[in-house]
Amino acid sequence: MDAEKSSNSSFEDLSNLNEADMKAASEALLDKERQAGSEATEASAPAVDSDSDSGAPASVGDEEPCDVLGNGQLIKRVIKKSKVEKKPQRGELVTISFTGKLDDGTVVEKEENYQVHVGDYEVVQGLDMVVPLMNIGEVAEVKVDPRFAYGSLGLKNDKEPALSIPPEATITYEVHLIDSKYEDFADLKSFDIRKKYGTRKKERANFWYNRSEFSTAIQLYRRALEYLDNRDGDPDAEFDKEDIELSNSELQTLLDDRLIVYNNLAMAQIKISAFDAALKSVEHVLRCQPNNSKALYRKGRILEGKGDTKGAISLLQKAATLEPESRAIQQDLAKLIIKARREEHNEKEMYQKMLGQAKKLEQKNKQPQKQQTVESSKRTSVNTSTSSDIDGNLYKEKLPNVGSALKVAAKDCCSISRKFPIISWLPKYEKSFLISDFIAGFTVGLTMIPQGIAYGVVAGLEPQYGLYSAFMGSFMYIIFGSCKDVTIATTAIMALMVHPYASISPEYAAMIAFFGGCIILTLGLLNLGVLVRFISIPVIIGFTTAAAITIGSAQINNIFGIKAPSNDLIPAWKHFFTHLNDIGWKDATLGLVTLAFLLVMKKVKDIPFGNRTFWKYLSLSRNSMAVIIGTFLAYILSRDGSQPFRVTGNVTAGLPPFKVPLSGAVINGTEVTLKEMMNTVGASFASIPLVSILEVVAIAKAFSKGRIVDASQEMIALGMCNIMGSFVSSMPVTGSFTRTAVNNASGVKTTLGGLVTGGLVLMALAFLTKAFYYIPKATLSAIIIAAMISLVEVEKIRDTWRSKKKDFVPFLVTLFICLFWSLEYGILCGIAANLSYILYSSARPQIWLYTYKLLDYEFGMVDVKQKLDFASAEYLKEKVVEFVNVHQKDNIRLIVVNGLEINSIDYTVAANIVSLREDLKVLNCDMICWNWNISSAGVVCRLNNKMRDMFKFHKTLEETIEEYLNTHSTNASEATLYSVT
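Residues in the sequence shown are numbered consecutively from 1, following full-length UniProt numbering.
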């Protein structure tokens, strides 16, 4: 589709030229320059300065100006020639310095060593066209006509208004072409470079968009996508992590920027009616973010442009639900609904007219008078039928098909392939996947072994229990897991939450794992994965931050060689500062050096030179390397049984015994029954499974690469991992972000990588437990602290504060209660804080009340901006009555309630609407419900059939008021606004 230029366009559209046309245009421009150069007198060329650098321009006298376009709109004159005969090509990165002046000498633009890509309109179009005609080192004066500068709009400078460029201004530039180089996409691996160029292209595209130069904006948006996509510069391609070799946070940043650009690109394409191209752009966004309100809004605009009004309404309604505060969405939705009703009305009239014409042809020349009577009767019949259909829907409630829903749920529950994902992917397994899964599984195993030992200590158990928890989850997730990257084992947060009970006896940890697994499995089988949606991201951030601080603080004593009795935040720091004299300097030195080593090795993967794959796997092996080095030092420095460091000590060798975790426990010679153990755990039976679910679902979503994550299936997998793990003395397990990131970075193809990971842990238990004796506790503490540092997501905390201050409250509530009370109550209080927002919003919906004047008649208008339910019923009634009382002097005698955004109501709302109408009658005021859907109106009419006349369907507001005025008479006055939020 040819792009339409806007009416105020002041730039030529070069974005639609094909490669051949562009080449021909460039050669034509070069020919003009050569011709102009040949006409210049040879005497004007001076001798070259022998002292000048090879790339520096040599001074010359004034040359004849070159009319580049032949129409006087772009004049170039060489001021200083270059010794180098080399011109930049389209797409190359050039470095220029330029100064732009108006005719009166005012400097309005000045840049030094400014880098731009030729042909990308990062400078005014006149300069973009002249730079390819210059040699490197050349200095030229370029006089640019307004058409190729800032056109009829000019350029406003808010900071320095005196330097603003007026409309239709000719600008004379002095340009120095400093350097030019071809930029290969292979050189663009750096995240900073890709981010920098991608952002700059996007911002320049926004500049052209705001000037209504949509074709130019489209070209630059696509150039931005080349930097924000894969290295080959294909805007439609997906990321290739192994090729780009960026960290996951960097990939997410590029993806977020890319989706913003696609949204902007779609809007520009809509402006030139390129609806098919715009649809393709928004689909890129919706594939990754199905609930992106801006993309949904744009897609609605596209469907509207293609004539699909109903589809556009559906999308805008969804966008309005996601972004209820957007006035643009609300206004466009209202216009579309009115348009749809008008189309429906016109369609009905057309069919009636067609039927009438057919009837006329059939009865031509037969009883003309009777014909008119029949047609009139027919129209009346049609209208009566329509009204009858509405009344039928009003007085008959449409009940949900419970049987069908149960049938679908039962079928879903009994789906073998869905409950056992291995059935789907195993038959398609390729031999090429085997080596990738082996490498990934082995790498994760090397990370899991030292972390398992460390987290076993955090939980208050002997080190081997951390390894007991590390293999069964890996095996079970192969069968039940749906996300290939996720790894299941104990985590620092799980270890901290189970510590109060596991420190009493290992049987407590296994019992919690069993019952927690049963709870999680039951929720998954009932498809209750939707429950995790009630936990917001700020609550999760607050919880993980508090857990990281608590866990890291608990290790502060161990890393300095101090024996500490408590893992709680305040007691740990209090013990540290009161026992500074007990610091073991050997332990402290080893621990701090190990911590520094781990933090440095984490950054090794970003080394820009050498074999990037080698650096990546070296970085991933940092935990194992730290344990091996620490163990080796402890072993060679030990003398006569004395140890230079505090070491882990004896670790029970061999595989764990297989036993039922419901047999109670014997603690200090006293037998404790299962019931007594359960009473001790109490509320943690709810909080530990909840946190476990949150972790695994959040991690699965983070690594889903745009695929839909089945939260219920992840819960089933996690439940089975915990249940089966409890039989081998495992503590509660969940998804580990650190190990999942390692798995993903190692290129895992399927969940079969867990087989290698679990096998490696079993081999360590069977053959390496003697070596575990020498692992320094300071080394394990350093590993834990390094892992906790990455859990504190400072960027997300900052984003929460920056995006919406209100969301910072649940974060702070969760953070401080978790830190100073307990993790269990902290997350529950955070959820409660979030739910309080929902409840308040439900009880205090946004309502706009204002007076409106139509047909010289003033009345009150009520716009409800969200759905109504029992919590908001009284509020609506109170505000309307208050509004009428306030405007008694305006003689308001009618209230119109716009039901456009009221999707459904319940009995309480219906009862209050009936009561409201009665209260308004006492105040000598009537009420009309306009623009309501049949379902919501039906609730009121079934409650009181006398309310039927209050509802007006399939009428415009003007028609509704006109009908009302036919039966009522009231004075009118000027309109005022009264907003309620």
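Bear in mind the hints are in silico, worked out from the structure with no lab data behind them. Hints may contain errors.
What the hints assert, rightly or not - EDC-like mimics (lysine to aspartate or glutamate), calculated; alpha carbons at most 16 Å apart, straight line:
#1 853 with 918
#2 110 with 141
#3 143 with 179
#4 87 with 145
#5 310 with 344
#6 306 with 343
#7 101 with 168
#8 955 with 344
#9 195 with 276
#10 865 with 276
#11 867 with 343
#12 306 with 276
#13 181 with 276
#14 796 with 250
#15 310 with 325
#16 86 with 158
#17 143 with 128
Earlier hints that do not hold, by number
1, 3, 4, 9, 10, 11, 13, 15, 16
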